Amino acid sequence: MKAAVLVFPGSNCDRDLAVAFEQAGFDVSMVWHKDSVLPEGVDIVGVPGGFSYGDYLRCGAIAAQSPICQALAEHTNRGGYALGVCNGFQVLAETGILPGALLRNAGLKYICKTVDLKVATSDSVFTQGYNAGDVIGIPIAHHDGNYFADDATIAALHDQDRVAFTYGDNPNGSRDDIAGILSDNRRVLGMMPHPERAADEGHGGTDGTAMFRALAGMLAEA
Amino acid sequence: MKARVHVMLKNGVLDPQGEAVRHALGAMGFDKVEGVRQGKVIDLDLAEGATEADVTEMCEKLLANTVIESYSIETL
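Chains as they are written, first to last, in the numbering used here: chain F, 1 to 222; chain R, 223 to 298.
Honestly, the hints are just simulated from the structure, not real lab data.
Mixed in with the good hints there might be a few duds.
Cut-off 16 Å, straight-line C-alpha distance, at most; resulting in silico cross-link-like pairs (EDC-like, lysine to aspartate or glutamate) [stated by the list, open to error]:
| no. | chain 1 | residue 1 | chain 2 | residue 2 |
| --- | --- | --- | --- | --- |
| 1 | R | Lys232 | F | Asp150 |
| 2 | R | Lys254 | R | Glu241 |
| 3 | F | Lys109 | R | Glu241 |
These figures come from a predicted structure and were not determined experimentally.
Model the full structure from these sequences, guided by the hints.
Structure (structure tokens):
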């Protein structure tokens, strides 16, 4: 299986995400934001955390207009898989690949800690390694993680079982405690918490490993 | 042409920064402040021939995120 991890000026979790994919068995290539095509045969695109373009204008807004994000949108429109973590989730929201937007944390503070995350659905390639209702410990590190969407969008996310993760103790004011959501075809996941930072014994937790293993298992079969 | 774009969070979208400013003003003794909303002002220097429709397109595509923000355009 092949994974591509996008790299923007200001990305800082790109290598962590690449290592998590590699440890699960993916061949990983790093793809620069000015490239306009993804490597041949890529199964999944990782959009990493960080501060793309210095978070200028809005988090993820300028990255969303970069050449590689055009290629990303074409990939997801074709039914390709993508995982956006933290700033990557903000980028996916800004491109419109995922609905809603990430606002400044309600408490205004940057928050960096491990939180309890509830698996809201196991019905996706990302979450099938967990059981719905499982509580896992995954780090968050963000200033703008307050998920917002209008009432109709929130209702649709619930009705279509597209809320992937919720916070046990809402740290940032997100509507309905939402921490991560799936696209309508369930092949794109955007989440504020960092599963790649809980994917090795050295991280102090390995609750994120099941996501990368499940992805590798599923995409190997495909 | 010069254009000034005002970008504000939509009504109904919580503005925690505006709220923090409101609290600070209250703590300083400005007790008549009932609400604060904080936004952005973006000034554009445009070449001849640019139109307000161009600026609208810029707002829709980049300058504002219309999921959460509204914008208004002032030509100067």
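**Q.** Violating hint indices (sorted, rising)
**A.** none
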